[in-house]
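When you get a sec, could you build the whole thing from the sequences and use the hints?
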Amino acid sequence: FFFIFQNNGSLAWCQNHKQCSKCLEPCKESWDLKKNHCQSFCEPLFPKKNYECLTSCEFLKYILSVKQGDCPAPEKASGFAAACVESCEADSECSGVKKCCSNGCGHTCQVPKNLYKGVPLKPRKELKFIELQSGDLEVKWSSKFNISIEPVIYVVQRRWNQGIHPSEDDATNWQTVAQTTDERVRLPDIRASRWYQFRVAAVNVHGTRGFTAPSKHFRSSKDPSAPPAPSNIRIANISASNDGSVNVMITWDLPEEPDIPVHHYKVFWSWTYSKYVIPAKKKRRKITDGAQNYVVLEGLQPNSNYNVELQAVTRWGQIRLKSAKVSLHFSTTQDTRNNSE
Numbered sequence: 001f002f003f004i005f006q007n008n009g010s011l012a013w014c015q016n017h018k019q020c021s022k023c024l025e026p027c028k029e030s031w032d033l034k035k036n037h038c039q040s041f042c043e044p045l046f047p048k049k050n051y052e053c054l055t056s057c058e059f060l061k062y063i064l065s066v067k068q069g070d071c072p073a074p075e076k077a078s079g080f081a082a083a084c085v086e087s088c089e090a091d092s093e094c095s096g097v098k099k100c101c102s103n104g105c106g107h108t109c110q111v112p113k114n115l116y117k118g119v120p121l122k123p124r125k126e127l128k129f130i131e132l133q134s135g136d137l138e139v140k141w142s143s144k145f146n147i148s149i150e151p152v153i154y155v156v157q158r159r160w161n162q163g164i165h166p167s168e169d170d171a172t173n174w175q176t177v178a179q180t181t182d183e184r185v186r187l188p189d190i191r192a193s194r195w196y197q198f199r200v201a202a203v204n205v206h207g208t209r210g211f212t213a214p215s216k217h218f219r220s221s222k223d224p225s226a227p228p229a230p231s232n233i234r235i236a237n238i239s240a241s242n243d244g245s246v247n248v249m250i251t252w253d254l255p256e257e258p259d260i261p262v263h264h265y266k267v268f269w270s271w272t273y274s275k276y277v278i279p280a281k282k283k284r285r286k287i288t289d290g291a292q293n294y295v296v297l298e299g300l301q302p303n304s305n306y307n308v309e310l311q312a313v314t315r316w317g318q319i320r321l322k323s324a325k326v327s328l329h330f331s332t333t334q335d336t337r338n339n340s341e
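So in UniProt numbering, spot 4 of the sequence shown is number 4, and the numbers just go up one at a time.
Warning: the hint list may mix true and false statements.
Below are the PhoX-like pairs computed for lysine-lysine, each with C-alpha atoms no more than 25 Å apart in a straight line [as the list claims (entries may be wrong)]: (1) Lys266 <-> Lys282; (2) Lys122 <-> Lys222; (3) Lys325 <-> Lys266; (4) Lys61 <-> Lys117; (5) Lys49 <-> Lys28; (6) Lys144 <-> Lys117; (7) Lys113 <-> Lys67; (8) Lys49 <-> Lys67; (9) Lys128 <-> Lys140; (10) Lys67 <-> Lys117; (11) Lys144 <-> Lys122; (12) Lys48 <-> Lys61; (13) Lys18 <-> Lys48; (14) Lys117 <-> Lys76; (15) Lys18 <-> Lys35; (16) Lys122 <-> Lys67; (17) Lys216 <-> Lys125; (18) Lys76 <-> Lys98; (19) Lys28 <-> Lys67; (20) Lys144 <-> Lys113; (21) Lys286 <-> Lys325; (22) Lys113 <-> Lys61; (23) Lys28 <-> Lys18; (24) Lys128 <-> Lys222; (25) Lys61 <-> Lys49.
Ranges between beta-carbon positions, derived for each pair [what the hints assert, rightly or not]: (26) Ala12 <-> Leu121: 23 to 31 Å; (27) Gly210 <-> Asp70: 13 to 21 Å; (28) Ala192 <-> Lys76: 50 to 58 Å; (29) Val97 <-> Lys28: 24 to 32 Å.
Simulated from the structure, these hints should not be mistaken for lab results.
Every residue gets a Cβ at the ideal spot worked out from N, C-alpha and C, and that includes glycine.
The structure is reproduced here in structure tokens:
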């Protein structure tokens, strides 16, 4: 229910208002409204005055359990809907838009009447994208005539795929990214390498007609950034081989969400003397998969000092993007390990 509120509009005003903001608390939490009492949620947050929180919480419980539309008259039921059985207890047990309704001698899942009574029309399907100098993306839409006098909230969802070409088959699941009372939304976290699609739903107290069709694909005009330098490079294990040489496992933290997934890591290592690194042409090299966060350096000399360098590499079409290198100085004799970047 609660994701990004815009800096303008009544939702943002409510968020900054002492009393009104209490109404938003139940929307923020991953609270199982079906299994828990609203009092258990609101009282710890607002021990003295929790009326707004309780009212909002109870309303959320209601709309989660009661679907929009009205049950038809019991005598209108036909077929299985007219069977004298208790096949449901709540609307949530019924598929699609069906509601759990009485048929005079039982309760069955039935298609409601007045499904869209008082419900706002869908926004027009054409969305407009404006890429701002700040890097934010502004998404705009326009509404059809509103048949409801109640306030309308717009729920904005997006999905994306990564790569050179847009693809709905490879796209993520739809995610709600904003709620607003305006006919626009400003999104800050737009990645240069992603193809985005958006859709918008208009919602009021009576319900919704669902989302617009997916928008045309949008991709930022900016070039993707090079991957961040690997972080927290460290020694995970040192072991001796049967031939007297030493094997060292180096590990690091994978980046959380780079513009482009890391394709591979380049690893360079060399023997050093008093921390003076030997020339680059004498360094040994190794490549590891981008999803892997460790490498094993084999056949190292015991009682020696080494320097290892690590670099992340991504691919964008024919272009390779490289991170800065990070280095780690270590000894195969003592447990003396120093990192530097």
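Check the hint pairing Lys128 with Lys222 against an upper bound of 25 Å on the C-alpha distance.
Distance of about 18 Å is within 25 Å: holds.
Does the beta carbon distance between Ala12 and Leu121 stay inside 23 to 31 Å, or does it fall outside?
This hint holds: roughly 25 Å between Cβ atoms.
Sort out whether Lys67 lies within 25 Å of Lys122, counting only the CA atoms.
This hinted pair holds, its Cα atoms lying about 18 Å apart.
Given the hint that Lys128 pairs with Lys140, test it: the Cα-Cα distance must not exceed 25 Å.
holds (5 Å)
Within a Cα-Cα threshold of 25 Å, do Lys144 and Lys117 meet the stated pairing?
holds (16 Å)
Given the hinted pair Lys325 and Lys266, is their Cα-Cα distance within 25 Å?
holds (9 Å)
Given pair status - Lys61, Lys48, alpha carbons within 25 Å:
Roughly 22 Å separates the two Cα atoms, so the pair holds.
Would the pair Lys28 and Lys67 pass a check requiring their Cα atoms to be no farther apart than 25 Å?
holds (22 Å)
What's the verdict on Lys144 and Lys113, does the C-alpha distance respect the 25 Å limit or exceed it?
The hint holds at about 23 Å.
Hint consistency between Lys61 and Lys117 [alpha-carbon to alpha-carbon, up to 25 Å]
holds (21 Å)
Quickly compare the C-alpha distance for Lys76 and Lys98 to 25 Å and report which way the hint goes.
Status holds; Cα separation ~15 Å.
Distance restraint between Lys117 and Lys76, which requires alpha-carbon spacing of 25 Å or less
With a Cα-Cα distance of about 19 Å, the restraint between Lys117 and Lys76 holds, given a limit of 25 Å.
Going down the numbered hints, you'll see the structure goes against 2, 8, 15, while the others check out.
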